[in-house]
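The primary structure of each chain is shown beneath.
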Amino acid sequence: MTREPSVHGAAERRQQGEKAAPSAMTRVADWIDFRLKFRESFLPSIVHPIPRNTASWWYVFGSATLVCLILQLATGICLALVYVPAADQAWQSLEYLNYQQPLGWFLRGMHYWGSNFMVALMTVHLVQVFMFGAYKYPRELTWLVGCVLFLCTLGMAFTGQVMRFDQDAYWGLGIGASMAARFPLIGQQLVQLILGGPIIAGETLSRFFALHVFVIPGVLLGLVGLHLLLVIKVGINEWPMPGRLVTRERYVEEYHQLVERDGEPFVPQGITRDVVFGGLVILAIAACAAFIGPKGPSGIPDPTLIETNPRPDFWFLPLFSALALLPPYLETPLILTAPLVLMALAFLLPFYSGTGEKSWKRRPGAWVLVIMVFLILGVLGWLGTTSPWSPDMSAWSGAPVPVRYVKASTPLELQGALVLQAKQCRNCHSLGGEGGERGPALDGVATRLTRDQLIRQVIQGGGNMPAYGKNLSPAEVTALVAFLTTLHPGEEPAARDAQVPAVPDETATRAGPRGDAG
Amino acid sequence: MERTTSGAAPGSTRRSFLLKIGIAINVVAAALVTVPIVGYVAAALRKRSYQAWVRLGPLEQFPVGQTRLATYENPFIVPWDGETGKVACWVRRTAASQLQVFAVNCAHLGCPVRWFPESRLFMCPCHGGVYYEDGSRASGPPPRGLFEYEHEIRGDELWVRGGQIPTLANPV
Chain A
1 MTREPSVHGA AERRQQGEKA APSAMTRVAD WIDFRLKFRE SFLPSIVHPI PRNTASWWYV
61 FGSATLVCLI LQLATGICLA LVYVPAADQA WQSLEYLNYQ QPLGWFLRGM HYWGSNFMVA
121 LMTVHLVQVF MFGAYKYPRE LTWLVGCVLF LCTLGMAFTG QVMRFDQDAY WGLGIGASMA
181 ARFPLIGQQL VQLILGGPII AGETLSRFFA LHVFVIPGVL LGLVGLHLLL VIKVGINEWP
241 MPGRLVTRER YVEEYHQLVE RDGEPFVPQG ITRDVVFGGL VILAIAACAA FIGPKGPSGI
301 PDPTLIETNP RPDFWFLPLF SALALLPPYL ETPLILTAPL VLMALAFLLP FYSGTGEKSW
361 KRRPGAWVLV IMVFLILGVL GWLGTTSPWS PDMSAWSGAP VPVRYVKAST PLELQGALVL
421 QAKQCRNCHS LGGEGGERGP ALDGVATRLT RDQLIRQVIQ GGGNMPAYGK NLSPAEVTAL
481 VAFLTTLHPG EEPAARDAQV PAVPDETATR AGPRGDAG
Chain B
1 MERTTSGAAP GSTRRSFLLK IGIAINVVAA ALVTVPIVGY VAAALRKRSY QAWVRLGPLE
61 QFPVGQTRLA TYENPFIVPW DGETGKVACW VRRTAASQLQ VFAVNCAHLG CPVRWFPESR
121 LFMCPCHGGV YYEDGSRASG PPPRGLFEYE HEIRGDELWV RGGQIPTLAN PV
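From first to last, the protein sequence lines are chains A and B.
When we follow the numbering used here, the leftmost residue of the first sequence carries the number 1, and every step to the right adds one.
When we follow the numbering used here, the leftmost residue of the second sequence carries the number 1, and every step to the right adds one.
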């Protein structure tokens, strides 16, 4: 774009010989532009032609993520006006924001929901880019920068969760430190570097505040600029056509031909859907903030208050679940290597799959991968919300034995039902659908285990059950097992040892009203 | 650009010499500034181990045959630590002079374990680790038993050696 360096050049051209003097606005704009050279430097990028077939709702997620980022910056700066990043006052300042600072609750809500939307939209953007083959030649660098942006955003999500300095944040940091401690040789140094000291305390919060507010946002903004520059310089990925293969020799030329033949300017035509969707995203975030509100803070981050049930934010639930479900011998190796391997696979994707078919219609492997990853994340995330591996800490006192299980019981069996409650068996075993899910439900336990097997299991434990031999008196074990042997529903017969005669003499005297072996 | 240095081959001009000096000065300056910055950020590493004896309380707070929660203030704190400067631990007294002091942190990933006196078990709310009353692992993902503090009876008071978060890399 060439223009004479005249102050009134643009205005003159626009008015094409009209005699009316340029408006004040135009003159101010021209005055600025003569110095800033905006039209010269940026206008070509703004109106640069893009393939018409990218005008699709599938192409709005990147810009929507950027909208979230801008919103996060705005709300984050507002929160920083009030929030105190000191361990002894952070929690109080969050409460102040919630209940005393006018509209503090709303801005906290916007920031919280903005972060959720940002991670979600970024993930959709990533999947879209992957399925559309947009990472292939010549957009490898765009993909690489995008991968780092993904990590930065997750880093913001984790450090942001620490800013909500409550019990979840405190014990979440503990989990992070414990994972870092598993690194051989440098484990302890890593822990101290992360915590900024020997324990999770004042210096830890300050450290994470600096990361959340200065370091990661700085990197994020710089890389977003680079990401956008690359999109403009290399051109947005065209709508992939099945069978139109990417080759290093011809792709760039073909792309330019496509843009020339069937292109339209990015602004205003190309950006239409982005504008609409971005606006809807802001409205959705504001609606969530207004109607659902901010998250937490939960209890005060006092490590001596141990009646707590720490859970990470939504995005880290799959990781939380994986750490509960991995066999112990795999845990440390996977904590140390899995992130590196996964990152290497993702970062290097355009280097081992940089050319060829782009269309999702001819890449079944891409479908399998995406579906698998989301199935895994979905199942782990869902398990994380219910966490069946955790004992239900209050079931022993809060979930009584269903009355139908103790109707017409002998005194010994009633005593056994009491032992079952009092010894916290219910924290891991459910009855009538209530109680922990760590161990199997006991409703039909007598159909699976004989009396002798029950005694052995109670005393010696095994299969993830602690041994209760030292913690129960012989009388308590006898009573407990007497109750457990009655737990076989209606018509189902109780389990019995095949080597023992069906009705031996002693069970005839011990059997309760429903306790016979059928 | 308009001005050209006369009488000298490119690469050996005064200006290129000055540029080399400038680069050298900046390399030295960068090194000099980097050292204190790295030292500052890694200040927490200078001390390899944070350990000190702290008073946990009079022995009569811990009746024989019971396991009770005790708290102390971490010996290494900054004034703005607030509540986070406090540390909790489980004290189990089996005989007049026989005690065990366990860190409250699960050996798996550090969550706070709770004591259930009826079943004589410690249970962790995060990933389901369970420990027996003597701190040994009973079930779940923990790779070892509870971390145990070194302790001492001084007069009629219980003292423990603490100061840092117990992890697999550095048990208390």
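Since the hints were derived computationally from the structure, they do not count as laboratory data.
Owing to the predicted nature of the structure, the values given are computational and were not obtained by experimental measurement.
Built from N, CA and C at the ideal position, the CB exists for glycine as well.
There's no promise every hint is true.
Reference excerpt, derived from the structure (chain A facing chain B, CB under 10 Å, subset only) [to be verified]:
1) 173
2) 185
3) 205
4) 332
Here is what the structure says about each hint:
| no. | hint | verdict |
| --- | --- | --- |
| 1 | 173 | holds, 9 Å |
| 2 | 185 | holds, 9 Å |
| 3 | 205 | holds, 8 Å |
| 4 | 332 | holds, 8 Å |
When each numbered hint is compared with the structure, no violation occurs for any of them.
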